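Number of protein chains: 2
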Amino acid sequence: MVNETVLKNFFKYVDENQDHYVDRLREAVAIPSVSSDPDRREDVFRMGNWLIELFKKLGISYEAVDVGNHVMSGKTLKLPPILLGSYGNDPKKKTILVYGHYDVQPALLEDGWNSDPWKLVEDSTGRLVGRGSSDDKGPIIGWLNAIEAHQKIGVEFPVNLKICFEGMEENGSEGLDDLIAREADKYFKCVDAVCISDNYWLGVTKPCLTYGLRGISYFNITVSGPGRDLHSGVFGGTVYEPMTDLIILFSKLVTPNGKILIPGINDDVAELKDEEMETYRSIEFKLEELQSAIESKTNIYDNETQTLQARWRYPSLSIHGIEGAFSAPGVKTVLPCKVSGKFSIRSVPNMDPDKITACVDKFLREEFGKLGSENKLQVECVHGAKPWVSSPDHWNFVAAANAVEKVFNCKPDLTREGGSIPVTLTFQDALNKNVLLLPMGRGDDGAHSTNEKLDRHNYTEGIKLLGTYLHEVAAIKST
Amino acid sequence: MVNETVLKNFFKYVDENQDHYVDRLREAVAIPSVSSDPDRREDVFRMGNWLIELFKKLGISYEAVDVGNHVMSGKTLKLPPILLGSYGNDPKKKTILVYGHYDVQPALLEDGWNSDPWKLVEDSTGRLVGRGSSDDKGPIIGWLNAIEAHQKIGVEFPVNLKICFEGMEENGSEGLDDLIAREADKYFKCVDAVCISDNYWLGVTKPCLTYGLRGISYFNITVSGPGRDLHSGVFGGTVYEPMTDLIILFSKLVTPNGKILIPGINDDVAELKDEEMETYRSIEFKLEELQSAIESKTNIYDNETQTLQARWRYPSLSIHGIEGAFSAPGVKTVLPCKVSGKFSIRSVPNMDPDKITACVDKFLREEFGKLGSENKLQVECVHGAKPWVSSPDHWNFVAAANAVEKVFNCKPDLTREGGSIPVTLTFQDALNKNVLLLPMGRGDDGAHSTNEKLDRHNYTEGIKLLGTYLHEVAAIKST
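Protein chains in written order, with UniProt numbering: chain D, 1 to 479; chain V, 1 to 479.
The list treats identical chains as interchangeable, and a pair is accepted whether it falls inside one copy or across any two copies.
For lysine-lysine, the following DSSO-like pairs were computed, each having C-alpha atoms within a straight-line distance of at most 30 Å:
#1 Lys-332 to Lys-78
#2 Lys-57 to Lys-78
#3 Lys-332 to Lys-286
#4 Lys-376 to Lys-252
#5 Lys-362 to Lys-332
#6 Lys-370 to Lys-286
#7 Lys-259 to Lys-332
#8 Lys-286 to Lys-376
#9 Lys-252 to Lys-297
#10 Lys-186 to Lys-56
#11 Lys-75 to Lys-332
#12 Lys-362 to Lys-252
#13 Lys-92 to Lys-152
#14 Lys-370 to Lys-252
#15 Lys-332 to Lys-252
#16 Lys-8 to Lys-411
#17 Lys-332 to Lys-376
#18 Lys-362 to Lys-259
#19 Lys-92 to Lys-477
#20 Lys-259 to Lys-370
Everything labelled a hint here was simulated from the structure, so no lab data went into it. Predicted model, so just to flag it, every value in this text is computed and none were measured.
Hey, can you work out the whole structure from these sequences and the hints?
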């Protein structure tokens, strides 16, 4: 049982120290740790050092792991360190691994920000605006704030905490997978469960726990024929045109309303069970939110449940574009000699990337054979990532749900997401432990967009949530 | 009857003055009269003045018509003058209008030229290499060389010549159509037939007369839905994707082997008559030439006749590309909100651009309706040009065929072309006179490419051909 007095004191301390936490976030936002900009690499290191100073202050033992160099824009650059931290080492306590990242997306005032993206400002509604406020500096500092609060109120920390903060998340997480594999039986050995706070509520008022992500298989389909681009006046009608072939192949992939036509692709989609169906009833989501996000009424489904299921529990196929064809404004009578069409399939349990590739390859070759064209076809899966789904019945999720009830006085939505967060699956596969996504920010935070924000309410209650979650983890039966 | 002694003397003079003609061409090539480059506009004027000096020297009365200004790359530029020349005014003689252009395509040494494109050089096989040598400075100077030769050998010129040389052919022929319409009943009033030397032999050894060109209808098909580009992870499967709709529409346009599927499009194609079929028997063309040009063996037909017919007497449809989708190398998981697909139909007699547009519009709207998509479709014909076909039985062609026999000792091929030369139809429609295309250069001259050349043989025999053609015109019965 969680000690309610302890929680009460913890909440009181957090409420009284809001401005201190905001100042701390302001300091972090002021360091433009953009991992995809070679000129900002020094700032990423600076941000790592800023965290190390905080680790020291809080008595967190740490290692700043050097994961080598990489090449970007023709330059060889040192990769920012992956910070591994340990707080507590009591064999009687559970050990929770928390992951986050201290690098951020690029941001320029002229992109359309209303204020300097590197100066955290609070507007009249309590929105803390600045790059990285929500993605992911607010959440990672949230964990540290929770530790500090426990120290200040003189309460024992409920779990052993392992920390993994990287500085390359927005640029491919280079070096991370290798490190996780290497440390799985060492640094990460005693971990009982993983918690990642790096996503968002579905909407703007109700917290959620996220238990699933779609995978992705990205394909590049190349049709080639002539040795050079040709003039359609001189050659149109006399040669097999790669563009015609590619367009016909692409037309066979998916229907306008999103049904994938490639045989075998839908076979492994997990059956929709009653328990899962039940979770959709209470979810805070309105079609108007989708229509507002897509700035149109071109949604396929007229109800929330089907829309959410289509987003996160069924596969989808999107055609992204064609490389090698005419793509500029205006008029050009070119007959392209080689065209590469790009599409991707968002995959769901229990689809497997290798089987997806096999189905796509077989189908496209068969269909290409039917064309009777003399051109050549090449099918390539350039990137395949598995879907991820966790069990919301696991004690890790139950502890988080209990924490949400104590902090927000409501049951959390159980959500999935349509995109992918590769590290989630990496941790689950490497450690074979339950992974929970426990977001701090709201669905409208604009993580990769202009005017990124974290509401002061979400920040403050988020610190309470992360701390309370750890108390619930300590209290819950883990068998 | 043509006076054979006169021709003999004319040929002898041309042969003896080859180097003089090459020097004259060298002077012209040295003026980089690139009409599509604002920084070269002065050179286009310089080239016009160079011709005017030659007109004066040869006693050709002329007018350099100012056709105003145009805007290019944000600059207002003076259009180069259209040179109208008159040589002879004998009511007993026929009047032939010759058209050509004194501007050229751009050229840079670094594009892959083996020598400075603005310095005419002759290689060991007699290829005169330089920008504009074949397109179209060689031919226009050819007419003037023929006049000069007649003066030098003291022989009366066989016809009245009207000259129309423009300086904007490679950049949309701005101002030309209006001028032709305006002068049809004035300057062009007495014209009996038109001769344009601005295309090429089909191959490299046999002269041809060209009597047909395909037209073109260029379409822009826009499908739009969401108000902004979306992330395929978040939205894939829940919205109607414009790219999916466009791809399906495009797949219904044409088969891989070039059969246009739009109802009504093929209805007006002129029937293939025996006389026309006969013309294909003797044409100098081998499939290997096509395969060499396309640098592959992806030709649809396994014989020359069907290939040539597909190129110039049947319509074709080519899909050029898509604007608004992802077109760069690499991977991007964008779901484009608005995509504009571009395709064109090469049209043939008796197809009509308005009817083509009506068929395309109706078909695409019907097919789009079947998709059940909530996206929006826009169908636009951005450019429509009629096909052109002339009668090779007309005295104008017969005179040219006779001239070919006298200069080259063979019957010319009767050819058409798959592309379009809009001024051909403009002259025919405005003057209601027969138009003949009488090329000087070979099929491998590389008119818009690097290392453009005109063979010395073609240049010299071409001068003879143009002069002899005028003698044949004078001798032939024109009713």
